[in-house]
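Novice: Following the hints, complete the assembly by docking chain B onto the known chain A.
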Amino acid sequence: MTTLAAFCARTGIEEEAARQALNAHAAQDDAPWYMQAVLGIGAWVTAIAALLFAGAVMMLVFEIDEPNLAVAIVGAIVFGASLWLLHHRPEGAFMAHAAVAFATAGTLLAAAGIGVTQESVWAAAAATLPLAGAAIWQQRSVLLQFLITSVALILAILAVWDHWHDVLSDLPAIFAPFGVALLLYPPRRDVRPTAFALLIVPQLLGALALDLETGWTLWHGWPAKMLFLAMFAFLFAFNWRRVTDSQGRLLTLAGAAAVAAIALLLPTGTAAALVLLALAYTLGSRSLAAIGALAEVYFIWRFYADLQDTLLTKSIILMAAGAALLICYGLLIGTLRERRLS
Amino acid sequence: MSPAGLELGPRELQLLRSAGLVSARGYAAAVDAVRDEAFWVRWGLRALMALGAGQFLAGVVFFFAYNWHDLSDLAKFAIVETALVIAAGGALLVGLDRAFGQVLLIVASVLTGVLLAVIGQVYQTGADAFELFVAWAALILPWAIISRSAVHWLLWLVVAEAALALYGGQVLMVVSAVSLGEIWVLVGATIVLALVVRELAVHGGLAWGSAHWTRLVLLFAAMAVLFIPAAGNAVDIDEFGSEPLCLAAFLLMMVGGAGIYWRLRPDFAALVMVIGFADTFFICVGYRLIDEAVGFGFSGVAPALTSFGAMIAWAIAGTGSAALAMRRLRAGLQGIPA
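Protein sequences, first through last, are from chains A and B. Residues 0 to 341 (numbering that gives the first Met the number 0) are what the first sequence spells out, left to right. Residues 0 to 337 (numbering that gives the first Met the number 0) are what the second sequence spells out, left to right.
Where hints are given, some of them may not hold.
Pairs of lysine to any residue residues, derived as SDA-like cross-links and limited to a Cα-Cα distance of at most 25 Å, are as follows [said to hold, decoys possible]:
#1 B:Lys75 to A:Leu311
#2 B:Lys75 to A:Leu228
#3 B:Lys75 to B:Ala52
#4 B:Lys75 to A:Ala23
#5 B:Lys75 to A:Leu310
#6 B:Lys75 to B:Leu110
#7 B:Lys75 to B:Trp142
#8 B:Lys75 to B:Val106
#9 B:Lys75 to B:Gly94
#10 B:Lys75 to A:Leu293
#11 B:Lys75 to A:Ile316
#12 B:Lys75 to B:Ala134
#13 B:Lys75 to B:Ala87
#14 B:Lys75 to B:Ala18
#15 B:Lys75 to B:Ile118
#16 B:Lys75 to A:Thr334
#17 B:Lys75 to B:Gly88
#18 B:Lys75 to B:Gly53
#19 B:Lys75 to B:Val59
#20 B:Lys75 to B:Ser17
#21 B:Lys75 to A:Tyr303
#22 B:Lys75 to A:Ala319
#23 B:Lys75 to B:Leu114
Calculated from the structure, these hints are not laboratory results.
Just chain B, same shape as in the assembly:
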């Protein structure tokens, strides 16, 4: 920070206060000079609306919770369906090119799930939970397609992934067709697929899905879902199973992610995410190796000091290397927009 055009924020204001250039009494005036008045007026209005709407809706929910058991089945359906029609109709009226219209359509998608849950409760269909999620994902897919909203697609993906995970747990695992580890890998692989589709679509000119956060959210979700079974196997948690597959999937994701966001689509934040998961996995592997070689515990002086000492050295080696890698990558990627 040195140019005359330097922009000021709270941190810089505090530095000026610490230097004695701004007095305690004059701090309010200094805040006024730095604070983005137009933004905070907008924020204030939206906060007022959110507070009002949130409290009103919470009151409505409390009211129905109070009466829910006494309501007839017809009334229950009428309430949810009316809200659903209002939300979907409102979205059409307002238009999907406006943020409020998109929010209304998302509300309609959420209410579709609520409606399915009420159907299950009233008719005691005996259906598995995955069937509800499959139906939910199928019903809201057309809305997701027309919404042109990344948030709506994210909601759809969460519902679809939940359906897949539940199908694996409630059907495939019951007939011993797959292990828990394989289900995690399957879910992770479908999130990777969504990430690939996102990258290709954005490369092809899709504007509404190009926000940087969409890449980071999908990458984080994919890495986390693949990391859990791999790390679970690394620290010897038996329930996952399929150790080679889980390990291979995670390593493939790591190498692929690092290659793509280093060379093909340079993105420092995405690379940091990959390096962070790699470092954490490296620490998990170290824990397993030391545990098997020496064993953690306070039973004897020599094993206790050796194991904890080795763990310290291992963690420093892992995170130190990660720090070094990030520093070099940062210098190399400086100035390249994500």
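Bound-form chain A, shown alone:
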């Protein structure tokens, strides 16, 4: 890893100002992730019990049988109170997780209250937008931002599918470029959780929905594939400046061409996973690398059940694609070895 002094020397940023900016956030709770996970489980159990308690009050005391405007207002109040809690009592993982759980529940209540009253998924999705905005505006919890923007995204996609009475299988591809742009050119507010939601949640929802029904694909998925290929090409161009010698550039081009060919030959999800892997490389993000690798394995496994081609055709495609990549790998390794020897 790079030290602050080396970073400042390389980028020309004033070291004292950078240290002050980093120290301003040093007081926040830095409990390790496994400790946060234990406290998170307890907090979420508490929140579920609290929601059942609130449900009992609404059903048995106020005799509300199905979500209505009052439920939506209660949801918005719960969301607001949770944000207040996060801002005024930020210390302690238990409190933070409980606030996140309540804020998420508040969002769902608000969406259900508006959606059921209006009998429209669009209305439910629209109701979550201001809450998603607030979740992005608050900068205390990345988990909250991820969850609320995910809820908004899921409802928006469900609204589109509901409108067309069909699962549009390639719809998730539309969201990915926004995620890529937010990660490569981030605004001053931390929107990384929103970017992750844009990149991952629509793909996940699409995969889950297609497990349940066939869905409808626009022009055999070519527009979505081309969109992912365009993103891959952009990321490739972004990284091009890192390769300096002509031989290395030639081989990198060959590797990129092989990867692009795979993105074209295999199902759309594989192309999405390749974009995640390329983004992980560009930003040096281990979490994106892990998600991309898992997505790649999942989509190749799903390819087995794809009914468009026979197993024989699919096996030939996979073997050819794999062989092309291995040849590129061998050439790259050979070049690196030559360079090391010379």
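Specialist: For chain B alone, kept in the frame of chain A given last:
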């Protein structure tokens, strides 16, 4: 974080961006300054190899799946055995002191199980599944011993535990010799034994098994396997049986684990794991107590509000105490390497 030698990662970069010290256009250059170029070049090459090998092998699997029913029995054996010989031979050629050699030997161990499954399919031996796992564990044990690889041992342990669990389910339970709860305890106890062996071996100077994750994986597996029947009995799931034994085994593991990783081998991550399971078990016990005393449900205002209200208080008490314990232990164990 305050010293000048502070190391920067993505989070710190975002903080500098939020402070306006890094512009949106300059973000890429800032990433370049922070990103470990050598690591990511290595990662890129390995990802390319993994993608290529994975897709090629998936293609091979698809090809045989397409033809499997039409293949003769001899061909089926030839395919699996050839792959097995290549993997084992490759491991010997490459050498077990290299990671690739160890991976090849692990592949050979997995293929041994595949070969046994094909034998069962072709000859319809009528053997129980536990026999396959026993044979598998016995056959790959020598490879595990010579491998000097924690991953290989973990694979062996999974196969052996599966054999034990299946033997319990397919033989002992059928003759009513043991209950389901006792089988879980037996499996949990053998994982605890593996953990004890690991701790003693590492204490005795075993280097290749000393990685921290090996302790955490074994501890988590042992605690989870002992937690399931204890919690199942706590929330009144009848099928486990042997309530006192399951409860005693879990409590013993909890107390023993806490004592060892607090005093003998101080390890905060391991302690957090023990505390996490204890907290979850405490919540399960609370659920049972409240359910029996008041009952959960929406049938009446008073019982519904009392039961859910009591559950909230119980969960807060449990997790709050866990938080307090972890905070104190963390302060006490700060700076002690695991």
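Novice: Against the 25 Å threshold, does the CA-CA distance of Lys75 (chain B) and Leu110 (chain B) hold or violate the hint?
Specialist: The hint holds at about 13 Å.
Novice: Can the restraint linking Lys75 (chain B) and Gly53 (chain B) be considered satisfied, given a maximum Cα separation of 25 Å?
Specialist: holds (22 Å)
Novice: Would you check the hint for Lys75 (chain B) and Ile316 (chain A), treating anything up to 25 Å between C-alpha atoms as holding?
Specialist: holds (23 Å)
Novice: Verify the proposed pairing of Lys75 (chain B) with Ala52 (chain B), using a straight-line Cα cut of 25 Å.
Specialist: Since the Cα atoms of Lys75 (chain B) and Ala52 (chain B) sit roughly 22 Å apart, the hinted pair holds (cutoff 25 Å).
Novice: Are Lys75 (chain B) and Leu293 (chain A) close enough, with their CA atoms no more than 25 Å apart?
Specialist: Violated. Lys75 (chain B) to Leu293 (chain A) sits at ~30 Å, over the 25 Å cutoff.
Novice: Holds or violated: Lys75 (chain B) and Ala134 (chain B), Cα atoms, limit 25 Å.
Specialist: holds (20 Å)
Novice: Need the status of pair Lys75 (chain B), Trp142 (chain B): alpha-carbon distance at most 25 Å?
Specialist: holds (24 Å)
Novice: Would the pair Lys75 (chain B) and Ser17 (chain B) pass a check requiring their Cα atoms to be no farther apart than 25 Å?
Specialist: Outside the cut-off at roughly 61 Å; violated.
Novice: Given the hint that Lys75 (chain B) pairs with Tyr303 (chain A), test it: the Cα-Cα distance must not exceed 25 Å.
Specialist: holds (20 Å)
Novice: Taking only the CA atoms, is the gap from Lys75 (chain B) to Ala23 (chain A) under or equal to 25 Å?
Specialist: The hint is violated at about 65 Å.
Novice: Quickly compare the C-alpha distance for Lys75 (chain B) and Leu114 (chain B) to 25 Å and report which way the hint goes.
Specialist: Holds, because 9 Å separates the two Cα atoms, which is no more than 25 Å.
Novice: Would the pair Lys75 (chain B) and Gly88 (chain B) pass a check requiring their Cα atoms to be no farther apart than 25 Å?
Specialist: holds (20 Å)
Violated hints, listed in ascending order, are 2, 4, 9, 10, 14, 16, 20; each of the other numbered hints is respected by the structure.
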